[in-house]
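Start counting the sequence shown at 1; every next residue gets the next number (my numbering).
Among the clues, some could well be false.
With a cut-off of at most 16 angstroms between alpha-carbon atoms, the simulated EDC-like pairs for lysine to aspartate or glutamate come out as follows [claimed, not checked]:
id, residue 1, residue 2
1, Lys595, Glu529
2, Lys603, Asp523
3, Lys518, Glu635
4, Lys530, Glu596
5, Lys191, Asp177
Distance ranges between label pairs, derived from CB positions [unchecked claim]:
id, residue 1, residue 2, range
6, Gly450, Thr51, 31 to 37 angstroms
7, Asp149, Pro49, 37 to 43 angstroms
8, Asn581, Leu103, 54 to 60 angstroms
9, Thr46, Gly375, 48 to 54 angstroms
10, Gly468, Lys201, 55 to 61 angstroms
11, Thr197, Asp149, 53 to 59 angstroms
12, Pro650, Asn584, 45 to 51 angstroms
13, Gly50, Asp491, 50 to 56 angstroms
14, Lys201, Gly50, 51 to 57 angstroms
15, Arg111, Arg229, 41 to 47 angstroms
16, Gln574, Ala41, 51 to 57 angstroms
For the record, the hints were derived by calculation from the structure and aren't laboratory data. Even for Gly, the Cβ is constructed at its ideal location relative to N, Cα and C.
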Amino acid sequence: MMRRWCLTAAVAAVFLSSFTHSVWAQSSAGPQPVPLPPPIAAPVNTPYPGTITLTANLTNTTDRVVTVNETIPVHAGNMTLLYPEWIPGEHAPEGPIQSFAGLFITANGQRIPWVRDRVNMFAFHVRVPNGVTSLDVKFDYLSPMQPQDGMVQMSHVMANLEWNTVVLYPAGYFSRDIHVTPVVTLPAGWKYATALTTVSKDGDTVHFKETTLNTLVDSPLDAGEYYRRVDLSSGPDNQVFLDCFADKPKDLAITPEELQMHKNLVVQAQRLFDSHHYDHYDFLFTLSNTLGEQGLEHHQSSEDGIRPNYFTNWKAGVAERDLLAHEYTHSWNGKFRRPDDLWRPAFNMPEQDDLLWVYEGLTQYWGEVLTARAGMRTAAQTRDIFAAIAASFEDSPGRNWRPLIDTTNQEIISERRPVSWVSWQRQEDYYMEGVLIWLDADTKIRELSGGKKSLDTFAKEFYGIDNGSFITHTYNFNDIVAALNKVQPYDWAKFFRTLVYELHPEVPLAGFTQGGYKLVYNDTQPGWEKLSGFSRYGVSYDTSIGFRLMRNGAIAGVQWDSPAFKAGLAPGMQLVAVNGNAVNNTIGGPDDVVKEALVQAEKSTEPIHFVVKKDGRVFNVDVNYHGGLRYPHLERIPGTPDRLDAILAPVK
Numbered sequence: 001m002m003r004r005w006c007l008t009a010a011v012a013a014v015f016l017s018s019f020t021h022s023v024w025a026q027s028s029a030g031p032q033p034v035p036l037p038p039p040i041a042a043p044v045n046t047p048y049p050g051t052i053t054l055t056a057n058l059t060n061t062t063d064r065v066v067t068v069n070e071t072i073p074v075h076a077g078n079m080t081l082l083y084p085e086w087i088p089g090e091h092a093p094e095g096p097i098q099s100f101a102g103l104f105i106t107a108n109g110q111r112i113p114w115v116r117d118r119v120n121m122f123a124f125h126v127r128v129p130n131g132v133t134s135l136d137v138k139f140d141y142l143s144p145m146q147p148q149d150g151m152v153q154m155s156h157v158m159a160n161l162e163w164n165t166v167v168l169y170p171a172g173y174f175s176r177d178i179h180v181t182p183v184v185t186l187p188a189g190w191k192y193a194t195a196l197t198t199v200s201k202d203g204d205t206v207h208f209k210e211t212t213l214n215t216l217v218d219s220p221l222d223a224g225e226y227y228r229r230v231d232l233s234s235g236p237d238n239q240v241f242l243d244c245f246a247d248k249p250k251d252l253a254i255t256p257e258e259l260q261m262h263k264n265l266v267v268q269a270q271r272l273f274d275s276h277h278y279d280h281y282d283f284l285f286t287l288s289n290t291l292g293e294q295g296l297e298h299h300q301s302s303e304d305g306i307r308p309n310y311f312t313n314w315k316a317g318v319a320e321r322d323l324l325a326h327e328y329t330h331s332w333n334g335k336f337r338r339p340d341d342l343w344r345p346a347f348n349m350p351e352q353d354d355l356l357w358v359y360e361g362l363t364q365y366w367g368e369v370l371t372a373r374a375g376m377r378t379a380a381q382t383r384d385i386f387a388a389i390a391a392s393f394e395d396s397p398g399r400n401w402r403p404l405i406d407t408t409n410q411e412i413i414s415e416r417r418p419v420s421w422v423s424w425q426r427q428e429d430y431y432m433e434g435v436l437i438w439l440d441a442d443t444k445i446r447e448l449s450g451g452k453k454s455l456d457t458f459a460k461e462f463y464g465i466d467n468g469s470f471i472t473h474t475y476n477f478n479d480i481v482a483a484l485n486k487v488q489p490y491d492w493a494k495f496f497r498t499l500v501y502e503l504h505p506e507v508p509l510a511g512f513t514q515g516g517y518k519l520v521y522n523d524t525q526p527g528w529e530k531l532s533g534f535s536r537y538g539v540s541y542d543t544s545i546g547f548r549l550m551r552n553g554a555i556a557g558v559q560w561d562s563p564a565f566k567a568g569l570a571p572g573m574q575l576v577a578v579n580g581n582a583v584n585n586t587i588g589g590p591d592d593v594v595k596e597a598l599v600q601a602e603k604s605t606e607p608i609h610f611v612v613k614k615d616g617r618v619f620n621v622d623v624n625y626h627g628g629l630r631y632p633h634l635e636r637i638p639g640t641p642d643r644l645d646a647i648l649a650p651v652k
């Protein structure tokens with residue numbers, strides 16, 4: 001036994017020694033990490049010496065290239081130039097570095113080498129030789145040629161210039177401490193609009209007043225051949241202009257009624273906030289099939305792009321009329337008052353988006369409300385919009401796993417690239433669910449105060465301070481709660497934490513019931529929706545069979561767990577026929593064929609027979625759906641206060 005023990009102990013010792021050596025070898029052998037490059041200098045609040053001269057040449061509309069020249073004052077030594085990465089209002093690192101090309105840096109006629117940072121692709125390192133006091137920087141911004149390359153910003157008749165796309169700036173300084181003199185050269189005869197102050201014009205070259213880098217980036221320029229400026233001012237102390245640029249002159253026609261509605265918007269916003277924070281405000285409004293549709297807020301202007309017949313086919317545009325009201329509201333909510341973690345001293349520091357349910361959600365709510373108060377939508381149309389918003393969330397099973405607060409990260413996660421399964425993944429739901437949450441808050445304040453207070457009271461208290469000031473005031477969650485409690489005491493912290501921060505599968509419908517309405521479904525399509533036809537998102541059957549259809553018959557989206565999903569329909573499929581009716585042989589296109597099939601199925605036990613095409617294959621999909629057409633509406637609750645219509649009524 002002793003000999004056996006000794007032998008076993010010896011074997012164990014050899015094994016343990018071998019195991020220890022193996023573990024040591026695995027933990028110490030192999031590659032080791034290479035040290036990261038030194039960090040780029042953090043911005044400090046000290047003036048940058050000298051003024052940068054920046055010239056952007058927009059004359060090459062054929063190739064859609066902006067040629068940029070900068071003169072940057074410097075001193076000898078190492079410096080880093082940054083291309084803006086985090087753009088205010090985009091909430092994500094979306095600076096278009098992929099469109100940056102042709103960088104040449106010279107000084108005193110000699111080429112100066114540059115090296116891109118090995119980690120930060122937006123940073124360029126330069127060693128400035130002794131005796132050099134300024135750098136001449138030249139590069140091109142290659143505006144996207146087609147939508148799949150990015151949002152188109154130039155055509156042969158108009159252009160949208162965002163200064164962040166055409167500037168390199170020195171690292172180590174707050175953007176407000178860097179001064180720039182901007183210059184732009186336009187195609188012959190083009191007009192322009194911007195919040196910047198014009199100093200002089202030399203032919204088609206425009207010289208603007210020296211400004212700070214943060215103000216420059218916040219002051220885009222639109223230019224074009226066909227231009228009309230519309231005065232929306234409510235008075236000499238509140239100057240607001242609608243600067244329209246169109247593909248064709250006929251698209252600039254505005255009826256007196258349309259003009260009055262847009263003037264009403266300015267009046268109603270002034271009555272809501274009881275202040276403004278701009279010298280003059282410019283809606284930079286492009287009416288185009290070529291330039292991309294967009295809405296981007298700025299302090300004294302906004303970039304607003306929409307279909308060319310916005311004015312000339314007014315009746316068809318009910319769904320999109322909140323664009324201007326939304327972006328205008330951002331002058332107060334987002335620019336003047338901003339979440340503290342969305343304010344950054346320079347454009348290459350990461351933002352945090354967790355308060356976008358206020359920044360964007362509350363703005364979306366007021367955008368809808370102001371659109372109604374201005375008369376750009378009727379109260380009935382607005383109620384239909386609210387019902388559609390709520391209905392979209394009732395068919396969103398993604399609410400069972402993803403809280404609303406996490407959707408505020410979506411822009412950083414996806415940089416607004418589309419996803420295949422919107423209802424399961426959830427996208428930027430804080431916009432539209434924010435409408436329901438803030439309607440709940442508004443009606444709750446009105447209920448608790450007996451109609452003496454409202455969210456309008458909060459708007460004046462929170463956003464109406466320091467009238468005329470351009471200096472941003474930041475806020476956090478506790479500031480919002482405290483301001484609401486000042487208006488109307490309530491457990492607002494619990495209210496928002498329940499609806500925003502916790503998992504909340506139930507759709508927040510309390511704003512409807514407190515407002516005197518309830519959500520219902522029937523087979524009556526709103527008249528204005530019929531006139532709208534196919535939008536860029538298609539026609540929705542989300543609340544019935546569960547898919548969205550494009551004009552060409554393509555299935556653009558399918559609701560997760562819907563009848564269409566369970567039967568095997570998926571995004572990207574091409575609709576060929578429904579119940580034997582070819583979609584390309586109908587006057588109304590695929591919409592009429594699908595509607596007819598849904599109506600027939602309601603009276604039958606037979607499934608709806610779809611023929612679809614995908615990846616070169618044609619196959620049949622039978623959907624067992626018999627619920628008919630289901631359009632969401634708000635229905636009045638008898639005997640309850642009509643707070644919702646009071647919210648939507650113009651303020652006198």
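These are the hints, each one checked on the structure:
1. Lys595 / Glu529: 14 angstroms, holds
2. Lys603 / Asp523: Satisfied, since the Cα-Cα distance of roughly 14 angstroms is no more than 16 angstroms.
3. Lys518 / Glu635: With Cα atoms ~5 angstroms apart, Lys518 and Glu635 stay inside 16 angstroms; holds.
4. Lys530 / Glu596: 15 angstroms, holds
5. Lys191 / Asp177: 31 angstroms, violated
6. Gly450 / Thr51: 31 to 37 angstroms: Once the Cβ atoms are compared, 57 angstroms apart, the range 31 to 37 angstroms for Thr51 and Gly450 is violated.
7. Asp149 / Pro49: 37 to 43 angstroms: Check passed, 38 angstroms falls within 37 to 43 angstroms.
8. Asn581 / Leu103: 54 to 60 angstroms: Between Asn581 and Leu103, where Cβ atoms are some 57 angstroms apart, the hint holds.
9. Thr46 / Gly375: 48 to 54 angstroms: Given range 48 to 54 angstroms: holds, Cβ gap about 50 angstroms.
10. Gly468 / Lys201: 55 to 61 angstroms: 29 angstroms, violated
11. Thr197 / Asp149: 53 to 59 angstroms: This hint is violated: roughly 33 angstroms between Cβ atoms.
12. Pro650 / Asn584: 45 to 51 angstroms: 46 angstroms, holds
13. Gly50 / Asp491: 50 to 56 angstroms: 54 angstroms, holds
14. Lys201 / Gly50: 51 to 57 angstroms: Between Lys201 and Gly50, where Cβ atoms are some 25 angstroms apart, the hint is violated.
15. Arg111 / Arg229: 41 to 47 angstroms: Given a distance of about 44 angstroms, which is inside 41 to 47 angstroms, the answer is holds.
16. Gln574 / Ala41: 51 to 57 angstroms: 53 angstroms, holds
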